[in-house]
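Model the full assembly from the supplied sequences, consistent with the hints where possible.
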Amino acid sequence: MTSSFLPAKLDTMWLLIDAPAVLEVVGAVPWLRLPRAQRAVPGVVAWRAQAVPVVDLSAFIPGAAAGEARARTLIVRVGQSTIALPVDAVTEVVHVPPEAMRIPHAVQSEIAAGETDVQGHLMALIDLDALVRRLAGEEGSVRSDDERL
Amino acid sequence: MTNAFDAPDESLGCLLLAWSGRTASFALDAAAIERVVDERDWGGADVLDLSEALDLDRSLEPVRVLEFRVGDERLGLRAFGAVRLCTVAPGDLLDVPPLIRARDAGRFVQRLAMLEGAPALWVLDPDAIHRDAMARRALPSEGVLERTQ
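Chains L and H supply the protein sequences, listed in that same order. With positions in the first sequence counted from 1, the corresponding number in the working numbering is that position plus 236. With positions in the second sequence counted from 1, the corresponding number in the working numbering is that position plus 16.
Any given hint could be a false lead.
What the hints assert, rightly or not - Derived CB-CB ranges, DEER-like:
(1) 238/L x 48/H: 49 to 57 angstroms
(2) 325/L x 103/H: 36 to 44 angstroms
(3) 48/H x 240/L: 42 to 50 angstroms
(4) 151/H x 372/L: 17 to 25 angstroms
(5) 328/L x 78/H: 53 to 61 angstroms
To be verified - Where chain H lies over chain L, by a calculated footprint (3+ residues, C-beta under 8 angstroms):
(6) 263–276
(7) 280–286
No lab work stands behind these hints: they were computed from the structure. Remember, it's a predicted structure, so these values are computed and weren't measured experimentally. The beta-carbon is built from N, C-alpha and C at its ideal position, and this holds for glycine as well.
Laid out in structure tokens, this is it:
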């Protein structure tokens with residue numbers, strides 16, 4: 237049985253986001269910075285009368301440049317949490333059979349659950365549950381501006 | 017006892033007293049504020065200073081003390097630079113999600129105020145400020161630590 241993913245570009249990297257978890261794809265949205273916040277959660281956006289934490293995926297992906305001002309924002313539901321993921325671009329949803337997913341090598345990150353080739357690009361599958369667990373402090377710590385995983 | 021900023025009609029919105037920091041702006045519900053005085057005229061207990069946590073600019077003048085009440089206790093919070101009153105529609109006050117409140121300066125914020133359709137102000141939580149002040153008072157002073165070494 238295939239799974240559906242939304243390909244999203246972060247800098248030069250392509251990521252796969254579980255498509256059913258994506259509530260909406262919006263453009264660049266104004267957000268409010270939290271003073272002295274960790275790079276992973278720099279602030280919030282307002283979405284449908286909710287304050288939604290901005291999660292900078294680059295804080296978890298070595299080699300990705302920090303930057304919350306990106307052209308697209310994915311509003312994603314993970315368990316009881318709603319988070320906003322700024323990305324540079326998205327494409328149409330893709331369907332990937334399980335046998336096409338490999339152990340991640342290109343992106344060495346604790347939130348990468350696999351990788352596969354889609355549309356000529358190597359794409360890393362993001363484990364949204366692991367991401368939220370890390371944000372909630374249940375698994376290690378996230379890096380600040382000058383730390384590396 | 018009446019506060020210094022009684023709103024004429026709550027249906028018109030929430031009246032906030034706001035001031036700016038280096039990276040974000042903050043507010044307290046004006047209904048919680050008893051008075052605003054120049055720091056030189058403050059005759060109460062130690063003034064709370066959140067300039068480090070909230071990244072406030074301590075060089076700004078004037079320095080005022082916002083007196084607010086939590087339970088039976090009156091507290092003074094230092095604010096640097098201009099303070100202003102603003103009215104925010106009830107629908108433009110959004111609860112801050114736990115993911116934000118669990119970390120960094122987020123522990124002091126309660127709501128997010130939207131102004132002109134964009135997130136603009138962090139509305140501080142008087143109870144959280146009070147809890148932080150109580151925790152600080154409970155800590156032994158540096159002198160005590162030195163004497164015990």
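Now for the hints, and whether the structure bears them out:
For residue 238/L and residue 48/H, the Cβ-Cβ distance of about 54 angstroms falls inside the hinted range of 49 to 57 angstroms, so the restraint holds. For the pair residue 325/L and residue 103/H, the supplied restraint of 36 to 44 angstroms holds, since their beta-carbon distance comes to about 39 angstroms. In this structure, residue 48/H and residue 240/L meet the distance hint of 42 to 50 angstroms, their C-beta atoms being roughly 48 angstroms apart. Hint check: residue 151/H to residue 372/L, Cβ distance near 22 angstroms, so the stated range 17 to 25 angstroms holds.
Evaluation of the 53 to 61 angstroms hint for residue 328/L and residue 78/H yields a pass: the beta carbon distance comes to about 56 angstroms. For the segment 263–276 of chain L, the stated coverage by chain H is satisfied: 9 residues place a CB nearer than 8 angstroms to a CB of that chain, which reaches the threshold of 3. Using a Cβ-Cβ cut-off of 8 angstroms, 5 residues of the segment 280–286 of chain L lie near chain H, which meets the minimum of three, so the contact claim holds.
Consistency note: the structure conflicts with none of the earlier hints.
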